[in-house]
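Please put together the full structure from these sequences, using the hints given.
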Amino acid sequence: MSDADSVTTPPSPPPAKPPWHDLARGRVARPGEWLVEKGIFAVSLTAIVMILLIFVFVGREALPILLGQADSAAARVQRILPPEDVDRMTPSELRAALGLSRRKFAARSLEEQKAALKEIYAVRAEADRNGAEAIPDKDSEVNTVGWRYLILPHQWTGYSRPEFIWQPVSQIQKFNVVPLLVGSLKVTLVAVLFALPLALGAALYVSQFASRRLRAWIKPAIEMLAGVPSVVLGFFALFVLAAALESVFAFQSRLNAFVAGIALGVAIIPVIFALAEEALSAVPRGYVEGALAVGASRWQAAWGVALPAAWPGVFAAVVLGFGRALGETMIVLMASGNAAILSWSLFDSSRTVTATIAAELGEVVFGGHHYRVLFLLGTLVLAVSFVANLVADGVMNRLRRRLASSS
Amino acid sequence: MSRVGPTLTALATGLILAMLALILGHVTVHGWSVVTWGFLSGGAEEGLFTVGRSGIFPMLFGTAARVILMTLLVIPAGVITAVYLNEYAPASGRLTRWVRGAVNHLAGVPSIVFGLFGLGFFIGFVGAGLDDWLRPGAVQPYWAGEGLLWASATLAVMTLPVVVVATEEALRAVPAGLREASLALGATRLQTIIRIVLPHSLSGILTGSILAIGRAAGEVVPLLFTGAALYVSRLPGSLNDKFMDLAYHVWVLCTQSPDIDQTKPLLYGTVLVLLGLTLSLNLVAVVIRARISRNPQATP
Chain A
1 MSDADSVTTP PSPPPAKPPW HDLARGRVAR PGEWLVEKGI FAVSLTAIVM
51 ILLIFVFVGR EALPILLGQA DSAAARVQRI LPPEDVDRMT PSELRAALGL
101 SRRKFAARSL EEQKAALKEI YAVRAEADRN GAEAIPDKDS EVNTVGWRYL
151 ILPHQWTGYS RPEFIWQPVS QIQKFNVVPL LVGSLKVTLV AVLFALPLAL
201 GAALYVSQFA SRRLRAWIKP AIEMLAGVPS VVLGFFALFV LAAALESVFA
251 FQSRLNAFVA GIALGVAIIP VIFALAEEAL SAVPRGYVEG ALAVGASRWQ
301 AAWGVALPAA WPGVFAAVVL GFGRALGETM IVLMASGNAA ILSWSLFDSS
351 RTVTATIAAE LGEVVFGGHH YRVLFLLGTL VLAVSFVANL VADGVMNRLR
401 RRLASSS
Chain B
1 MSRVGPTLTA LATGLILAML ALILGHVTVH GWSVVTWGFL SGGAEEGLFT
51 VGRSGIFPML FGTAARVILM TLLVIPAGVI TAVYLNEYAP ASGRLTRWVR
101 GAVNHLAGVP SIVFGLFGLG FFIGFVGAGL DDWLRPGAVQ PYWAGEGLLW
151 ASATLAVMTL PVVVVATEEA LRAVPAGLRE ASLALGATRL QTIIRIVLPH
201 SLSGILTGSI LAIGRAAGEV VPLLFTGAAL YVSRLPGSLN DKFMDLAYHV
251 WVLCTQSPDI DQTKPLLYGT VLVLLGLTLS LNLVAVVIRA RISRNPQATP
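Going down the list, the protein sequences come from chains A and B. When we follow my numbering, the leftmost residue of the first sequence carries the number 1, and every step to the right adds one. When we follow my numbering, the leftmost residue of the second sequence carries the number 1, and every step to the right adds one.
No lab work stands behind these hints: they were computed from the structure. Don't take each hint at face value.
Said to hold, decoys possible - Simulated restraints, written as ranges between beta carbons of each label pair:
#1 A:Gly-367 <-> B:Gly-137: 19 to 29 angstroms
#2 B:Leu-95 <-> A:Pro-91: 38 to 48 angstroms
#3 A:Ser-297 <-> B:Val-29: 34 to 44 angstroms
#4 B:Val-139 <-> A:Gly-32: 38 to 48 angstroms
#5 A:Val-123 <-> B:Asp-132: 24 to 34 angstroms
#6 B:Pro-141 <-> A:Phe-41: 33 to 43 angstroms
#7 A:Arg-161 <-> B:Arg-3: 49 to 59 angstroms
#8 A:Gly-304 <-> B:Tyr-231: 52 to 62 angstroms
#9 A:Gly-68 <-> B:Leu-134: 31 to 41 angstroms
#10 A:Leu-189 <-> B:Leu-178: 43 to 53 angstroms
#11 B:Leu-11 <-> A:Arg-60: 43 to 53 angstroms
#12 A:Gly-367 <-> B:Ala-290: 46 to 56 angstroms
Glycine included, every Cβ here is placed at the ideal spot set by N, Cα and C.
This is the structure we're talking about:
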């Protein structure tokens, strides 16, 4: 993960009013400059516009499923109309029946399109006559993209009990997201549990014990770890870590949630470290010096005074690390094994939400049900990381203000 | 505990640094002998997976192309946003807070979401719109497909916060006295910014650009749906061409190789080049930033 920006910790709010603002007040800019300044203002809104567009365009594709308007069963019950009815159709009805885009529909004449539709109906009628004696499958009447089937277990034909099944490539597409959510949760939990002690320990060391010169080396070095691309960490997990951990733990499957979690932990260490270190360094020197003055050891001052004072920062670091781990894709795609089977064991091959999107989006029908479910998963990832960001941000801002006012 | 505690924290720090060293060392040891001039300048004429023959030049070219295009898009937007935030925006204004918040949140959006966004917005909406407008009636999509431009645009949105944050840091380090002197001499605000403030923060803008390039160069996920390809027979020549890419190629070598053990040298060579590229970019940024913060004159 190369989130260099996360290491550059968000800028603390600048002083209430920069001094040069007053100097320039009252000066009338020249007309040309006025225009340029309006332009600067307009461009500065890019970030807001982009955030809005991201929500709109990722959410838009998932909307039919979110609102429960998509129906996979309806598509399978095929209508057949007699030729006279096809002749009476308006162009827009015809286009809808053929399921063509506006551009493709315009490519051929109306008569040709009608002939094509009649042919389709003739083939369908033929298929219906042949398939009349086939056993009807009750699954084909199920709307597999309904909320009920996305979340709750269902007893599909051939299964002995209700189960959570993610099986988007099959006759009856099954889109139960629970196995993926559990997969993501397992990997993320391992990552946070692995990264937290290390990152927090390093943050304590750098902010409380290290000499200034040592600190000037260690901080950039940990930033460098953030500069390692996630595909390289994934590669490392796949070829080195998996083999090493397998020889220690003797896994059933070589790639599993545990391996991916450890690699993911390495990726979020710099994120947790940066925030925790910032919070710990923001604790006023007076706190620690006061503790030392009344006879506390340096460890007692660090652990008993500085850490509790910076506690919200540590919390924010964990929340942000959690959000990052949940959204990370490449590492889990390469190291978690990718079996979409519901299991709570850390040592089973698991598939996460993000890996599912990355692996499957390339092969779906544009605008189809599978496509929309993947966008729904994307919306979920976006929402969770947005909330994680919001929480971490709010907590850090309050902490900065509090520590700044008490120093 | 008062002895053990500090030792434990030092140990944790050491472990983290050891991980970095381990990754670097392992990749360097296994990849060093592979990275020859022939490897760097060779193409994929004899297939992607022929050890000793296949090179990574097309991938380097693709990565360079998408990164340069991205830089052209993101630097102006990022620098102007930072200028607005630091030089114009009322510090307590609601809109200022929103812009800051948006920049912050953009940094936290997962890369997979940027992939979906690139597909849904740039290809599915902007590209399709361009096709309808510029080439009505054409059956083959031209802009509404994966390509260099949309991959770069997606990456530009992703790296915008990096540029904004670094530039703002540099703008804030420009001494207030310089601005005041310029304004006192009768320069307008815009003249002050263009002639005095921006030249003084060039190194910060450079840091931001380098960090953005470093981040984008190693990123694979947004490219999965917006333009990278397993194999293209020629170098990208226009904005809507698909391209091969260095980071994407690491993934290809990891997962698509017909015989993973046999093609391992290629993989290690490619990883070493990618890692060397991204880490040296990061290192340069770190050094420049250390220079800026050490400069005593730059404290307002």
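Could you tell me which of the numbered hints above are not met by this structure, giving the numbers in increasing order?
none
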